[in-house]
Amino acid sequence: MNVPDLNWEELIFGYTPTDYNVRCTFQDGKWGEIEVSDSVYIPLHIASACLHYSQQLFEGLKAFRGKDGKIRIFRMEENAKRFIRSAEGMLMEPLPVDLFCKMVREVVKLNERFIPPYGTGASLYIRPLEIGITPKIGVSGASEFIVIMLVTPVGPYFKSGFKPTKICMTREYDRVAPKGTGSIKIGGNYGASLFAGEKAHKLGYANILYLDPKEKKYIDECGAANFFAIKDNTYVTPDSESVLPSITNMSLQQLAKDMGLKVEKRQVPVEELEEFEEASACGTAAVCSPIGQIDDLDTGKTYIFSKNGEAGPITTQLYNTIRGIQYGEIPDTHNWCEIIE
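So that you can map any letter, position 80 of the sequence shown is 80 in our numbering, and since no number is skipped, the others follow by simple counting.
It should be emphasised that the hints constitute simulated quantities derived from the structure, not laboratory data. Cβ atoms here follow ideal geometry from the backbone N, Cα and C, with glycine treated the same way. Mixed in with the good hints there might be a few duds.
Mimicking DSSO-like on lysine-lysine, the simulated pairs with C-alpha atoms at most 27 Å apart in a straight line are [stated by the list, open to error]:
hint	residue 1	residue 2
1	Lys70	Lys166
2	Lys307	Lys179
3	Lys216	Lys81
4	Lys166	Lys301
5	Lys163	Lys81
6	Lys81	Lys70
7	Lys109	Lys166
8	Lys163	Lys265
9	Lys216	Lys231
10	Lys163	Lys30
11	Lys199	Lys307
12	Lys262	Lys163
So the derived label-pair ranges between C-beta atoms look like this [claimed, not checked]:
hint	residue 1	residue 2	range
13	Gly141	Arg113	37 to 45 Å
14	Asp5	Glu274	26 to 34 Å
15	Glu112	Gly141	34 to 42 Å
16	Gly309	Ile42	29 to 37 Å
17	Lys67	Asn7	17 to 25 Å
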C-alpha cells in the first residue's frame, strides 16, 4: 500500500484530499448503484433545490486504525439512523441503513492508505451528505437526490490537547427556533451559528453556549456540540427538542452508567451551573471538550469548573474510555465498532 506523504502528527481538523469518494443517486423512485469517483466536484443544475431551498443534510463519523492494526468504524448504524431522521425532516428521500453502511465500508476501503497510523491521535473522518438535485424555482421539494460520501484524515480537534477551554454564554443569539430544525443535522443550523461563533472567537472564547430559544432559561447546546456536566456522581445533559441527538453523548451516557454514575437527561436551568463540578461539550470531532470556565456576557457572572487547568476526573475517564474503544485498546463490550477486514 502506497502510504501518502503526510505528517500525521501535524494534521489539523480540516480537509486533506484523498483518492476517492462514493456516490448514489435517487431517480425515478429508486436508489441506483454505488458509483466510485475521483472527482471532487458535483455537476449541479443552477436551479437545484439544494441551492435555492436548502434541501441538504449531512453526517459525521470516524474510522480508526487500532492498536492491533485493524480498522474500526464507530457506531456507523446510529449515524445511518440519524441520516434518515434528517432526511425525513427535510422532505428528502431517506437512504436505507444497509445502503448507508455499504457506502461507508466502500469509501473507507478505497481510501485505506489515508487512515492515520495508531498512536498519532489522528483518524479518518467520514462525511456523508445528501442534496436535492431537482431544478426548482417554485418553493417545493426535490424528487431527485444524490448522496456523496467523502473522507479525509484529521488530527485532534484541539491541537493544545485535552485541556479545559473557556466559553461564553449570551442571550443575544439563537442557534435554531423552537419547533425548528435543531434536532436534525443540516447545514442551515451550522450556518446560523457562524456569526455568533465568530464573535465569541474574537472575544477570546473557544465556543458559545446557547440557551433555549423560547425562554432563555435553560442550557441548550454548546456551539455545534452537546453539553454535559457532572455533579454528585450524576451525569447531567439537556433534554431539548432543539438539540441534535449526539451519538457521542448517547455513548458517554452509557459509559457513565457503566462507571456507576446516575444519568439525568432533563432541562438544565442556567442557575444550576453553580452546582456542577465538571462541564464539557461533546461530539464526533472532539469526543469531549472539557470546559474550564463559562462567562455570562449578559450578567457578568463567571462559572469555574477547573482551577488547575486540568479536566475533571470523570470527564477524563469518559474520554479515555471511548477513545480506548475506538482504537481497540480496551474491550468493546457494547459492540459499537465494526471492524473492516
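Going down the list of hints, with the structure as the test:
1. Lys70 x Lys166: violated, 36 Å
2. Lys307 x Lys179: Judged against 27 Å, a Cα distance of about 38 Å means the pair is violated.
3. Lys216 x Lys81: violated, 30 Å
4. Lys166 x Lys301: holds, 13 Å
5. Lys163 x Lys81: Violated - the C-alpha atoms of Lys81 and Lys163 are around 32 Å apart, more than 27 Å.
6. Lys81 x Lys70: holds, 25 Å
7. Lys109 x Lys166: violated, 39 Å
8. Lys163 x Lys265: holds, 25 Å
9. Lys216 x Lys231: With a Cα-Cα distance of about 22 Å, the restraint between Lys216 and Lys231 holds, given a limit of 27 Å.
10. Lys163 x Lys30: violated, 48 Å
11. Lys199 x Lys307: Measuring from Cα to Cα gives roughly 26 Å; hence the hint holds.
12. Lys262 x Lys163: Holds, because 25 Å separates the two Cα atoms, which is no more than 27 Å.
13. Gly141 x Arg113: 37 to 45 Å: holds, 39 Å
14. Asp5 x Glu274: 26 to 34 Å: violated, 51 Å
15. Glu112 x Gly141: 34 to 42 Å: holds, 37 Å
16. Gly309 x Ile42: 29 to 37 Å: violated, 45 Å
17. Lys67 x Asn7: 17 to 25 Å: holds, 21 Å
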